[in-house]
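Peer 1: Same order as they appear, the protein sequences are chains A and B.
Mapping to the working numbering: the first sequence position 572 is 572, numbers consecutive.
Mapping to the working numbering: the second sequence position 52 is 52, numbers consecutive.
By construction, these hints were calculated from the structure, which means they are not laboratory data.
Since the structure is predicted, the reported quantities are computational estimates derived from the model, not experimental observations.
One should not assume that every hint holds.
[To be verified] Interface residues of chain B toward chain A, partial, derived using beta-carbon atoms under 10 Å:
hint	residue
1	105
2	115
3	175
[What the hints assert, rightly or not] Straight-line distance between alpha carbons at most 27 Å, and here's what the computed DSS-like set of lysine-lysine pairs gives:
hint	chain 1	residue 1	chain 2	residue 2
4	B	172	A	36
5	B	146	A	310
6	A	557	A	547
7	B	146	A	512
We treat Cβ as the ideally placed atom computed from N, Cα and C, and that holds for glycine.
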Amino acid sequence: MSGNEAIARGAYEAGVRFAAAYPGTPSTEIMEQFCKYEGVYAEWSTNEKVAVEVAIGAALAGEKAMAVMKHVGVNVAADPIFTVSYTGINGALVIVSADDPSMHSSQNEQDNRNYARFAKIPMLEPADADEAKQYIKLAFEISARFDTPVFLRSTTRVSHSKSVVHLDEPGKYEDKTGFVYNAQKYVMVPVNARTQRVEVEKRERLLNDFVETFPENKMEINNPEVGIITAGMPYNYSKEVFPDYSYLKLGMVYPLPEKMIRDFASKVKKIYVVEELDPYLEEQIKALGVKVIGKEIFPYTNEFDPGVIKDAIEGNLQRAASPYKESLAARPPNLCPGCPHRGLFYALSKHKAYVHGDIGCYTLSYMKPLQGLHSCICMGASIGMAHGMSKAMKAKGKGKVVGVIGDSTFLHSGITSLLNLAYNNSDALIIILDNSTTAMTGMQEHPGTGYTLMGKEAKKVNLKDLVSVLGIENIEVIDPLDYKATRSAIKEELAKDGPSVIIAQRPCALFKRGGIKPKPALKVDTDKCEGCRSCIGLNCPPIAWKKGVTKEGSKRKGVSYIDAALCNGCGLCAQICKFGAIS
Amino acid sequence: MSDREVKSILFAGVGGQGILRASDITCEVIMEAGFDVKKSEVHGMAQRGGCVTSHVRYGKKVYSPLAKTGSIQTLVSFEKMESLRYLQFLRKDAAIIVNTEEINPPAVNMGDDPYPEDIIGFLKNHYGKVIGLNAAELAQKAGNIKTANVVLLGALSNLMNIDKSVWQDVIKKSFPEKLVKMNLAAFQMGIDA
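With the rest of the complex left out, here is chain A (with noise of 0.2 Å):
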């Protein structure tokens, strides 16, 4: 079972039955495999921050519940959980942390244990799938004990590694739901708040003494030279490489045990702090007066594994290296055949636009030979980007500055900008692409797609309804696979005065439902290519390039073919050849 299937699998068995979140790698599955269990209401919400707020509501109608998201999703979510913390639950909260160090698929790697000591919130961290599914159950009785919202933080090696678990039987679900008036302890006004403060750090107290005693920080004394205190994932890579060695392993990294690690100092002669990115535990430990090591031998970025421990602590600086010294053409992750993005970002390119992007698939645009986008920060950002450069740069950006935002990331967080956007009226062209799905996370669902994570069906917002009463009057529907009609509808409205939209619309080539049927694999004629490689500027995975194939009277190098087994007949290419050698 992954980590993720087995958080899923504990809250479950914890009694958990309502959970609310936004996919984001690493998280996706946990929410994919709990809505899969009997009995359960679970929802992707449009944001981490709705998510939150929705599990929030249930926590104080009584329920056990659970928010999921990914580590920048909590930033999204940050404003009710840092009041939520005051207000404390009722019911019962836990809220999923996925984090990704190293960044596999994320824009930063924030450590968010720092999150729990910033909102006051305890947070358990489970190093593989058998704790974590001990640990969520772990952290929904914490909650309910102590009257507060906890984290369990994740990371990708956790949430995405398979391993052995243990199963129980799940547990009995009872219906405690109920209205619960209390204003002094849930109305967040500053005369509350000041009580409630107050309240926080009774509950911090309470805790401090709870996690001396809790079972899940163990003490290892094996070898008392050397002693090792870490948490998580680290945990299991230094256990690999030191078997021998003392260790403290802490299941909750917020609050810390004091008296523990004091007692653990006094055991052994010398200590590392193993973590991964922020010297998190090292800088409370230090603080105690304990002495350690910590990031002056380990690195502060990326992922460990256990060479990177093993070669730190022993000081080794030559890591075993590979016999191949030539440099080896890189293989980024691509579009995928057919995908309606290729269309849309080969036909802006023509433009010579500033192009702001944001959030999806189509941020794999930005690369040779699509080079399709010039920015991106994170979820909701392109509108806001594009408004602000188009703005600053007055007149000579007229014309030249386009922000794209997919459907899921448009209705997550790009909504309040484009209406920002309309409101302070700029010249930024914005394209929405609109595939019907959450593409880059899998197919989830979202407000337009008619359904809902349940799989019942749902509203379906109009793209452009939305846009038209948000105050855009510039709006285009266009196929982004017909490439003439989206090169002259970019070209139109770049042109015009104030704020356009282009809904770029088609299903995602993968998305089963949108109904995008394969055609037959197209072929290149050998006799008529020219070898141009003007479609292999379309970096679509099955076009290749085989060089050496000459033709008489030409001055050809070398010809394009198509792999039949990948292409699935989207028919772009065939409409960039200008030597119509692709049928």
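Following the hints, put chain B in place on chain A, whose structure we already have.
Peer 2: Chain B only, in chain A's frame:
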């Protein structure tokens, strides 16, 4: 295997080649054979035509799902040049199984980088055991090019001390009934290759 020994297999290839399915099947087989097993991979961006790797580690008790550099005994490469990308992870006496199919990365198509030549020769010069086979062709013979991953599992099963019948039972459970015969044929082709 001694109590503390942990063996590692690295699966590597290009998104879409069935790498994760193959490593899942391998884990099931190892579990059936009575070992503790952990595997690690990254989902998300890597599925879209990019590099995909999966570490599988087994023994009496496994801590880390990731292997350290210089420690992996077996590499199964689903594409020819991908076999070169992770050699720092291999032991000097590692065994390498390579699908000799070539898939050009974008920079090769654009003419910016070459596709490396004589990869098998290079590997044979540096490692004890190198098995090259065209899994795509064999899969085609088995009935579908998509069974190339199972062909490679057949070749892998020859290097592991686990009864072939365990593999066959897991393969039977891993596919819908109508695809079982084809995949068992692909598995046998990998064994015989």
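Peer 1: For every hint, state whether the structure bears it out.
Peer 2: Hint check results:
A cut of 10 Å between beta carbons decides the hint on residue 105 of chain B: the least distance to chain A is about 4 Å, and the hint holds. Look at residue 115 of chain B: its Cβ gets to within about 7 Å of chain A, closer than 10 Å, so that hint holds up. With its C-beta approaching chain A no nearer than about 19 Å, residue 175 of chain B sits outside the 10 Å limit, and its interface hint is violated. This hinted pair checks out: residue 172 of chain B and residue 36 of chain A have alpha carbons roughly 25 Å apart, not beyond 27 Å.
As the CA atoms of residue 146 of chain B and residue 310 of chain A are separated by approximately 40 Å, the hinted pair breaks the 27 Å bound. This hinted pair checks out: residue 557 of chain A and residue 547 of chain A have alpha carbons roughly 6 Å apart, not beyond 27 Å. A threshold of 27 Å between alpha carbons decides the hint, and for residue 146 of chain B with residue 512 of chain A the separation of about 19 Å falls inside it, so the pair holds.
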